[in-house]
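All chains, please: the whole structure from these sequences, using the hints.
2 protein chains.
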Amino acid sequence: MRVGELSRRSGVPIPTIKFYLREGLLPPGVATAANQADYDEEHLRRLKLIRALIDVGGVTVAGAREVVAALGAHANDPLELLGAAQTAVEPRHRPDRSTAAWQAARDRVVALIAERRWLIHPGSPAIDLVADAIAAFYSLGVDELLDLLGVYAETADRLAADEVRAVLELPDPASRMELVVVGTVLGEALFNALRLLAHQHESARQLGAVPPRAPRPPDGAEKPGPAGGG
Amino acid sequence: MRVGELSRRSGVPIPTIKFYLREGLLPPGVATAANQADYDEEHLRRLKLIRALIDVGGVTVAGAREVVAALGAHANDPLELLGAAQTAVEPRHRPDRSTAAWQAARDRVVALIAERRWLIHPGSPAIDLVADAIAAFYSLGVDELLDLLGVYAETADRLAADEVRAVLELPDPASRMELVVVGTVLGEALFNALRLLAHQHESARQLGAVPPRAPRPPDGAEKPGPAGGG
DNA sequence: TAAATTAGATAGTTACACTATCCATTCATG
DNA sequence: CATGAATGGATAGTGTAACTATCTAATTTA
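As they're listed, the protein sequences go chains A and B. Heads up: the first sequence runs through residues 1 to 230, numbered per this note's numbering. Heads up: the second sequence runs through residues 1 to 230, numbered per this note's numbering.
Since the hints were derived computationally from the structure, they do not count as laboratory data. Computed from a predicted structure; not experimentally measured. Virtual Cβ for every residue (Gly too), placed ideally from N, Cα, C. Take these hints with a grain of salt, some might be off.
[Said to hold, decoys possible] With the C-beta cut set under 7 Å, the calculated list includes, among others, these residues of chain B facing chain A:
1. M1
2. V3
3. D55
4. L79
5. E80
6. A101
7. Q103
8. T155
9. A156
10. D157
11. D162
12. V182
13. A193
14. L197
15. H201
[As the list claims (entries may be wrong)] Examples of chain A residues toward chain B, derived with CB under 8 Å:
16. T16
17. V61
18. L82
19. I127
20. S139
21. A153
22. T184
23. L194
Here you go:
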C-alpha cells in the first residue's frame, strides 16, 4: 500500500506520516521507484502503536522513537525493552533533584526496595521517579499519604505480578515484546483512569453521598449505596 | 516577605513567579506601595503546591490554575474538588473519539461500572479516559491485558478505598481538601513510578533472572532471588 | 545618597508536534 | 498516450505552551 491508504486506514494525516518517517518513528517503505514506496500491514500496525503511545500514553515523539527502536534492537531481551519502555513514560518536567530533601526521599525509596527485597537495577530511573513523588510529599508537608507507601508498593507489586504473568503467557515472542511496551505505557493510562473512577466511587461511598444519577444495576434490585438508594 | 524571599524559599525563579501571578495561579500579595507587595506563608505553600503539580504531577499551567481555583471555590465540597482535580490530570493529546470502536470501548466501561455497582456521575470525563485506553487496546488487537480489566478495576478500587479513607481521616478541613488534590495528582505519580519498579522486579523474578547488582538486604544474609544465588 | 530590589507591563525565547508547499516524477484512466 | 491526481523527498512555516528577558518608575536598604 502507499501513504494514502496507510493514512486512510490509520486515521493519521499524510503530512504527519511523512513527519514520522522523517523522524525515524516509522521505518521507510520499500522503494519501488524514485517517488514510490510500498508499505505493508506491519507499517500500519506500527503506526497505530505510535499513535496509541502518543495520544493515550502521553509519550513524546522522541520517547516513541526510542520505544520502537528498542522493539527492533532488543527483539529477544524483555528486560532491556522494559527499560526502554519505562524511560519513555518519564515526565518532561522534573523537579530539582539537588536538594537534601530529595536525597532523603531517594534514600527512603532505596530502603523500601531493600525491605521488599525487590530486584531492581540500582541505576534505574524509576527509583528517581518515586523519589520525585516522595520529595514532593515531603516539601508539601503531607505525610498522610506517605503512611500508605507500603500499601502503594504492595498494590503495585500485586498488579505488576499479574501483568507480567499475562505478558509471559503469550506464546509468540514478537507479540510478547510488543505487549511489554503496550502494557507499560497503555496499562498505566488504563489504571490511572480506573483509579479516578474508583476515587469517585469511594468518595461517594465513604461520604455517604448519592450520585446525581446512579447507573442501573444489571440484574437485581439491590440497594447500591450506603446512603439508601432513593 | 517579598518576591525575592519567596523565590529563594521555593526555588522558583522570580520571572516564573511573576508569570504565575499574571496567570492567576498565585494570588497577588498585599500591596503596601506602588511597587511593593507582601507575601505570606500561604503564598509559599501555594507556590510549592503548584510546582509539585506541574513538575511531578505533569499537570499543565492551565490545569494547575483550575485546581487552585477549585480549592478556593469549593472549600467544603470534596466531590466538586475531586472533579476539578481529575480534570486537571487529563492528558493533552487525546485520540479520535468519533469511531465505532471507541463507542464500543466506552460501552464496555459503562458495563464495567454497572457490574461493579460503582457510583459514578454519568458525565464524568474519567469514563472517557478509560474508554480511550480500552479503545487503544482494541485498535492494536491486544486482548491479553483486557482480560485483566477486572483485576485492574478491583485493584484500583482497593487502592482508592485506602486513599479516600486516609484523606477523610484528616481532622482539619483545609488540609483535607488539599490532600484531595495532592492525593489525586501526586498519588498517581507515586503509584505509577512504583508500578515501574514492580514491573522490573516481577519481570526479573518471573523470568528467573538476576539483576546486575542486587541491593544489599538491610540485615540478614538471605538469598534475595529465586534463580539461586551461586 | 547610591546601589539593589520591586511591581507591573510588554516583548522575546525555546521546545515540541505537527502542517504546508514545492518539485519532479509516477500512477491511474480514459 | 494525454492528463490530472497522488507520491516521495526536501524545506519552510505554524500554533501552543511555558517560561524568560527587558524596561520603567518607584521604593528599600546599606
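Checked hints:
{"no.": "1", "hint": "M1", "in the structure": "violated, 18 Å"}
{"no.": "2", "hint": "V3", "in the structure": "violated, 19 Å"}
{"no.": "3", "hint": "D55", "in the structure": "holds, 4 Å"}
{"no.": "4", "hint": "L79", "in the structure": "holds, 6 Å"}
{"no.": "5", "hint": "E80", "in the structure": "violated, 11 Å"}
{"no.": "6", "hint": "A101", "in the structure": "violated, 11 Å"}
{"no.": "7", "hint": "Q103", "in the structure": "violated, 15 Å"}
{"no.": "8", "hint": "T155", "in the structure": "holds, 5 Å"}
{"no.": "9", "hint": "A156", "in the structure": "holds, 4 Å"}
{"no.": "10", "hint": "D157", "in the structure": "holds, 5 Å"}
{"no.": "11", "hint": "D162", "in the structure": "holds, 5 Å"}
{"no.": "12", "hint": "V182", "in the structure": "holds, 5 Å"}
{"no.": "13", "hint": "A193", "in the structure": "holds, 4 Å"}
{"no.": "14", "hint": "L197", "in the structure": "holds, 5 Å"}
{"no.": "15", "hint": "H201", "in the structure": "holds, 4 Å"}
{"no.": "16", "hint": "T16", "in the structure": "violated, 12 Å"}
{"no.": "17", "hint": "V61", "in the structure": "violated, 11 Å"}
{"no.": "18", "hint": "L82", "in the structure": "holds, 6 Å"}
{"no.": "19", "hint": "I127", "in the structure": "holds, 7 Å"}
{"no.": "20", "hint": "S139", "in the structure": "holds, 5 Å"}
{"no.": "21", "hint": "A153", "in the structure": "holds, 6 Å"}
{"no.": "22", "hint": "T184", "in the structure": "holds, 7 Å"}
{"no.": "23", "hint": "L194", "in the structure": "holds, 4 Å"}
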